[in-house]
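Letter by letter, the chains look like this.
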Amino acid sequence: MSAQKAKRQVGKYELGQTIGIGTFAKVRLARNLDTGEHVAIKILLKEKVLKHKLHEQIMREIATMKLIKHPNVIRLQEVMGSKSKIFIVLEYATGGELFNNIVNHGRMGEVEARRYFHQLIYAIDFCHSRGVYHRDLKLENLLVDASGNLKVSDFGFSALHQELRDDGLLHTTCGTPNYVPPEVLKNRGYDGAPADLWSCGVILFTLLAGYLPFEDHNSINLYKKIATANFTFPSWFSFGIKRLLTRILDPNPVTRITISEILEDEWFRKGDNPPVFDGTNETSLDDVHAAFKVSQDHQMMGKEEQPAALNAFELIGLSKGLNLGSLFNIEQEFKRETRFTSTCSANEIIRKIEEATKPLGYDIQKKNYKMMLRNIKAGRKGNLNVSAEVFQVAPSLHMVEVRKAKGDTLEFHQFYKTLSTSLKDVIWLS
Amino acid sequence: MGCWLSKQVKHTPGYEEPAVLAAETAFTVSEVEALYELFRKISYSIFKDGLIHKEEFQLALFKNSKKNNLFADRIFDLFDLKRNGVIDFGEFVRSLSVFHPNTAQDEKIAFAFRLYDLRSTGFIEREELKEMVLALLNESELCLSDDLVETIVDQTCKLVDSNSDGKIDPIEWKEFVRKNPSLLKNMTLPYLKDITMAFPSFVMSSEVDDEVLD
Chain A
1 MSAQKAKRQV GKYELGQTIG IGTFAKVRLA RNLDTGEHVA IKILLKEKVL KHKLHEQIMR
61 EIATMKLIKH PNVIRLQEVM GSKSKIFIVL EYATGGELFN NIVNHGRMGE VEARRYFHQL
121 IYAIDFCHSR GVYHRDLKLE NLLVDASGNL KVSDFGFSAL HQELRDDGLL HTTCGTPNYV
181 PPEVLKNRGY DGAPADLWSC GVILFTLLAG YLPFEDHNSI NLYKKIATAN FTFPSWFSFG
241 IKRLLTRILD PNPVTRITIS EILEDEWFRK GDNPPVFDGT NETSLDDVHA AFKVSQDHQM
301 MGKEEQPAAL NAFELIGLSK GLNLGSLFNI EQEFKRETRF TSTCSANEII RKIEEATKPL
361 GYDIQKKNYK MMLRNIKAGR KGNLNVSAEV FQVAPSLHMV EVRKAKGDTL EFHQFYKTLS
421 TSLKDVIWLS
Chain B
1 MGCWLSKQVK HTPGYEEPAV LAAETAFTVS EVEALYELFR KISYSIFKDG LIHKEEFQLA
61 LFKNSKKNNL FADRIFDLFD LKRNGVIDFG EFVRSLSVFH PNTAQDEKIA FAFRLYDLRS
121 TGFIEREELK EMVLALLNES ELCLSDDLVE TIVDQTCKLV DSNSDGKIDP IEWKEFVRKN
181 PSLLKNMTLP YLKDITMAFP SFVMSSEVDD EVLD
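Residue numbers (UniProt numbering), protein chains in the order written: chain A, 1 to 430; chain B, 1 to 214.
Be careful, since some hints might not be right.
[Claimed, not checked] Derived pair list, reagent style DSS-like, types lysine-lysine, alpha-carbon separation capped at 25 Å: (1) B:K174 <-> A:K417; (2) A:K225 <-> A:K242; (3) A:K69 <-> A:K48; (4) B:K10 <-> A:K320; (5) A:K46 <-> A:K66; (6) B:K108 <-> B:K48; (7) B:K41 <-> A:K83; (8) B:K185 <-> A:K85; (9) A:K51 <-> A:K12; (10) A:K26 <-> A:K66; (11) B:K179 <-> A:K370; (12) B:K167 <-> A:K370; (13) A:K377 <-> A:K417; (14) A:K46 <-> B:K54; (15) B:K54 <-> A:K320; (16) B:K63 <-> A:K66; (17) A:K186 <-> A:K224; (18) A:K417 <-> A:K358.
Simulated from the structure, these hints should not be mistaken for lab results. Being a predicted model, the structure only gives us computed values, none of them experimental.
The task is simple: from the sequences and hints, build the whole structure.
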């Protein structure tokens, strides 16, 4: 055997200490040598993964996780492989587990607990909107970053949560059952959304109480307590929190509170702080500002009253043959920008866009033939901001480019669908 | 060196070691392996010989193997570094590297120039520009009078051809792109940074030595 290297390196990462060991994976702290940034790398043995026929599920889950980019969810950064191992590179939360926070400092006050709960609910709502369910939410899966923000870990990796029992079979209901909802214990098929919410309720209770709502050293008794939602509130719980928790810890998943109802809850709405998105992987804000700067060459027509004319190369650049992105779109991702042409005058196009978007709650800023539309109501991924610009192809023909400046791509896609329906009579179909 | 010990895997013709390609391009070894998954998907879509033919390229781009497009043709020809009518894996990776977000701007500018220099004369002639504008209008089913097309081409030529010799040379092109960076938008594919997550199945066939991944 070759001598052990002083510092093991995998790709551009220098491996550090082991920070977790699970049934299928070992997690190691690592440092990106290009950026200095810390990451957590899940290391799986291929042999083990193949033996339990988990590879297809893991591949599917990686593809799903790729779509989850939320400030309160641990982000999947890249995947690497070697002859015997799989390396899953994840964002690392330096603040550790929220669990330790409770263990070391005891229960928290309502204000602090509510802040974490907000972030948890926003993260879950975002993932659910993409059809991703956690199914194993517990305090140990909630991490905290350097600025004290919540990061939900292990979203979408349910394959790795499975436990290998003595019978050699995989079992999904596993580990600490304290967070598991009644319908999952009953081993029937269940809906992921209410199941995740139940676990959120257990988490919120635990943050405020400093102990779990359902606990019993005898698991039969524990299951009974969960099945009937048999728990008692500590004396210091306020009326508002009791009312909310009663609605979340409803043993019937059908009548259990939904996320949209939680968002309307009085206790929840106090001091509501929607998530802040850092704008990573978004069109940079410079772009948005640039959209409002009058670019030099676009003024070649010399007249402010006219929309910018596209030069021949800009026109050519619109060809689908030059968009190699389509090679990768085998699994469909939504577009961040879209265009249409119109024979209407530029002013009329602008007016029509205004008419169509104002009733949807958009704040509109105009400058010449550029528009900035800001949705005042926060979406699942912050405010959706859209820029629209009218270009002249020829005096009688205009092209409109609608771009997502900020916000969620899925929401942009829906926005555009609505917009194009109301602009039907403006869009030119040859 | 560990590679020799592993069981022989049948690779596509023109396959090259990921480590070699990674060293020459903007990609990491894992990214090259992920690209191999994509390459195999495309190169086995019609002819199943592990080489990308024009029809397969068109199928991947337009979901239609018979859709001819001047610009797709140009990209295909530039990717086909050995000029033998097909794209092998090495050519695929080396060419896509130009589109990597980390690749130098100058490389992208030069690639775009060669793309638009339809007849590879070292200049983008006025006629070539007009031909491309007509191809785009045709593709988008936009009808413009010949006069309008002439006007658009003339105005652009005036903007770019600073020495007024009736054609665009690489220096004029570079100057023009610096003033209009949006012209290079097509030359960068943000997807390439996420390629290992888009095609994660490469990890199961990875032949990278356990100790050295990069």
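Of the numbered hints stated earlier in the document, which are not met by this structure? 1, 3, 4, 6, 8, 9, 12 and 14
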